[in-house]
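Participant: Each chain is listed here by its residues.
Number of protein chains: 2
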Amino acid sequence: MSIGRLVILGVGLIGGSLALALKKQGMVAQVVGWSRREQTLQKALELGVVDRAEPDLAKAVRGAEIAVLGVPVGAMEVMLRQLAPHLEEQTIVTDVGSTKGSVVEAVRHVFGEPPPRFVPGHPIAGIERSGVEAAFAELYQGRRVILTPVSQTERHAVATVRAMWEGCGAEVVEMEVTHHDEVLAATSHLPHMLAYSLVDTLARMDESEEIFQFAAGGFRDFTRIASSDPQMWHDICLANRDALLVMLERFRADLAQLSDAIRAGDSDYLMQTFLRAKRARDRFCG
Amino acid sequence: MSIGRLVILGVGLIGGSLALALKKQGMVAQVVGWSRREQTLQKALELGVVDRAEPDLAKAVRGAEIAVLGVPVGAMEVMLRQLAPHLEEQTIVTDVGSTKGSVVEAVRHVFGEPPPRFVPGHPIAGIERSGVEAAFAELYQGRRVILTPVSQTERHAVATVRAMWEGCGAEVVEMEVTHHDEVLAATSHLPHMLAYSLVDTLARMDESEEIFQFAAGGFRDFTRIASSDPQMWHDICLANRDALLVMLERFRADLAQLSDAIRAGDSDYLMQTFLRAKRARDRFCG
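Those protein sequence lines, which keep their order, are chains A and B. Using my numbering, read the first sequence as starting at 1 and increasing by one per residue. Using my numbering, read the second sequence as starting at 287 and increasing by one per residue.
For the record, the hints were derived by calculation from the structure and aren't laboratory data. Being a predicted model, the structure only gives us computed values, none of them experimental. All residues carry an ideal CB built from backbone N, CA and C; glycine is no exception. One or more hints might be untrue.
Listed next, the stretches of chain A that the computed footprint assigns to chain B, with coverage defined by at least 3 CB atoms under 8 Å from CB atoms of chain B [said to hold, decoys possible]:
1) 197-206
2) 264-276
Selected chain A positions facing chain B (in silico; Cβ < 8 Å) [as the list claims (entries may be wrong)]:
3) Thr223
4) Pro230
5) Leu258
Distance ranges between label pairs, derived from CB positions [as the list claims (entries may be wrong)]:
6) Asp268/A <-> Glu535/B: 18 to 26 Å
7) Ala256/A <-> Gln316/B: 47 to 55 Å
8) Ser2/A <-> Glu535/B: 54 to 62 Å
9) Ala29/A <-> Arg538/B: 53 to 61 Å
10) Val173/A <-> Arg323/B: 40 to 48 Å
11) Arg565/B <-> Glu171/A: 30 to 38 Å
12) Asp268/A <-> Met491/B: 17 to 25 Å
13) Met557/B <-> Thr178/A: 24 to 32 Å
14) Val173/A <-> Ala420/B: 34 to 42 Å
Take these sequences, add in the hints, and give me the full structure.
Facilitator: Given below as C-alpha cells:
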C-alpha cells in the first residue's frame with residue numbers, strides 16, 4: 001500500500017506512532033500534522049513524526065488521502081464539526097478512539113447519515129505514557145486494531161484502513177459498534193477503574209506514605225494503568241458510560257459476594273473462586 | 287554470619303529460595319529439609335536446595351540453629367503443635383507467613399506465652415509461581431522482610447534472623463504485628479482480591495473466550511497476581527480476615543462513589559479521582 005498524503009488530527013502517542021510506523025515501512029509519501037497546540041506541532045516536526053505541521057485545519061486536510069482523528073473521545077464531536085466543511089470527497093477518515101458508540105453518535109450528530117468513507121477504528125495499544133514524545137514506530141507490532149464499520153461504510157474504505165494498520169504490524173479485526181464497547185468495558189475500562197480506585201483509596205489513607213513503601217511487586221504491576229492520562233479516562237468513562245456501568249455493577253456484586261464469603265469463613269467459596277480465576281488466567285493469558 | 291544447621295519446615299518457593307541464597311553466600315553449613323510430601327523432599331534434594339531430606343520431623347529439627355516455618359498460614363498451628371515437643375532450647379524459630387496476627391495467635395495457642403526465640407517474619411517477595419521448583423537464590427535481593435517481634439521475643443533472636451535475611455540481600459524492617467497486617471491488607475491482600483474477582487467476573491461471562499482474547503497489555507499485568515496459589519490466598523483471607531474486610535469495605539465504598547459519579551456524569555469527581563491516583567502512583571511507584 002502507498003498513501004500519498006496522510007493527515008493526523010491531534011498528534012499524540014497513538015497518531016504519532018502510526019505516522020512513524022508508516023514512514024518506517026515507506027508506506028506514506030507525506031504526513032501532515034495538525035494540533036490545537038502550537039507546541040505539540042513543533043515537537044512533532046522536530047521529532048520527525050510529521051513532515052509538515054499545519055495549524056490551520058482547512059489547509060491541513062486539503063488533498064489528504066487518509067485523515068486520522070487522534071483527539072480524545074470527548075473532543076471528537078467538536079473536531080468533526082470543525083472538520084466537516086473542509087473534508088474532501090476522496091478523503092478516507094478514521095479515528096483511534098477507545099469507545100466506538102460515542103464516536104459513531106458524534107458522526108451522526110455532525111453529518112446526519114455517517115459518511116461512507118468514515119471508518120471507526122480502535123488500536124488496542126495503549127501504554128501509560130502519552131503525548132507525541134512517547135510515540136514510536138513499533139507500538140502496533142503484534143497488537144490488535146478493531147474496526148467497527150456501520151452499514152453505510154464503504155468496503156473499499158474499510159480495506160484501505162485495514163491495509164494501513166496491517167502495514168504497521170497490527171492484526172485487524174472487525175466488530176459491531178456496541179459489541180466493541182462491551183468487550184472493551186470488560187477488558188480495559190473496568191480494570192482501569194479498579195486500578196484508579198484502588199490507588200486512590202490507598203492514597204487517601206493516613207499511612208499512605210508507608211503503605212506505598214511496602215507495596216510489593218504485584219501491586220506495582222496492578223496499579224501501573226493508574227498512571228494513564230486522566231483526561232482520556234475521564235472521556236472514556238462518559239463516552240462508554242452504559243457498558244461500563246453494566247460491568248461495574250457486575251464486578252461490585254461479585255466482590256460483595258467474595259467479601260461475604262471472607263466474613264463467613266466460607267472456605268469452599270474462596271477456593272472455588274480463586275481456582276476458577278487462576279485457571280482462566282493461566283489458560284487465556286499464558 | 288555463619289549458621290551451622292538450618293532446617294526448612296515446608297520446602298517451597300520461599301523456604302527453598304532462602305536455602306539457596308544462604309548456600310550461595312556460604313552462610314550455612316547444612317540445610318535440612320522437611321515436608322509433608324515425600325515427592326517435594328525428593329525434588330528439593332535433587333535440585334540441591336537442601337543437603338538432607340528428612341521426613342521425620344523430630345529428626346529434622348534436631349541440632350538446628352534456625353528453623354524456618356515455610357508452611358501456608360492456615361497450616362501453621364498444626365505444624366507448631368507437631369514441632370513443639372521436639373524443639374530444642376537453642377533453636378531460633380522464624381516463619382515466612384503473609385499474615386502475622388494469626389501466626390502469633392497460633393504460637394500462643396500452642397505454647398501459651400510466645401517462646402523468646404520465636405521471631406515472626408514475612409519476606410515480601412511473592413511471585414506467581416510456587417513450589418520448590420520455582421526457588422532461586424536471588425529472590426530476596428532488594429526485597430523487604432518484615433519482622434514482628436512481640437514483647438517476649440529475645441533481641442538476640444531478632445538480630446540473628448535479621449542477619450540471615452540481610453545476608454540474602456533483603457532489607458529488614460521491624461513492625462508491630464497488627465500494623466503489619468493492616469499494611470499488607472492494603473498493599474497486597476486487597477489487590478489480590480480485586481485481581482481474582484475481576485478475572486472470575488470475566489471468566490463467568492458468556493463471551494469469556496473472546497473477552498480474554500482482547501485483554502490488552504494493562505489487563506495482563508493487572509491480572510498476573512490472580513495466577514498465585516489459591517490455597518495460599520484462601521489461607522491469607524481467613525488468617526487476616528478482619529484487616530482485609532476493613533480494606534474491602536473502604537474500597538467498595540470508594541468504588542460505589544466512582545460508579546455514582548460515572549452514572550451522574552460528574553466530570554469534576556472523575557478528573558479529581560484520576561489525577562489524585564495518577565499523582566500518587568507516579569510519586570510513590572516511579
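Participant: Of the numbered hints stated earlier in the document, which are not met by this structure?
Facilitator: none
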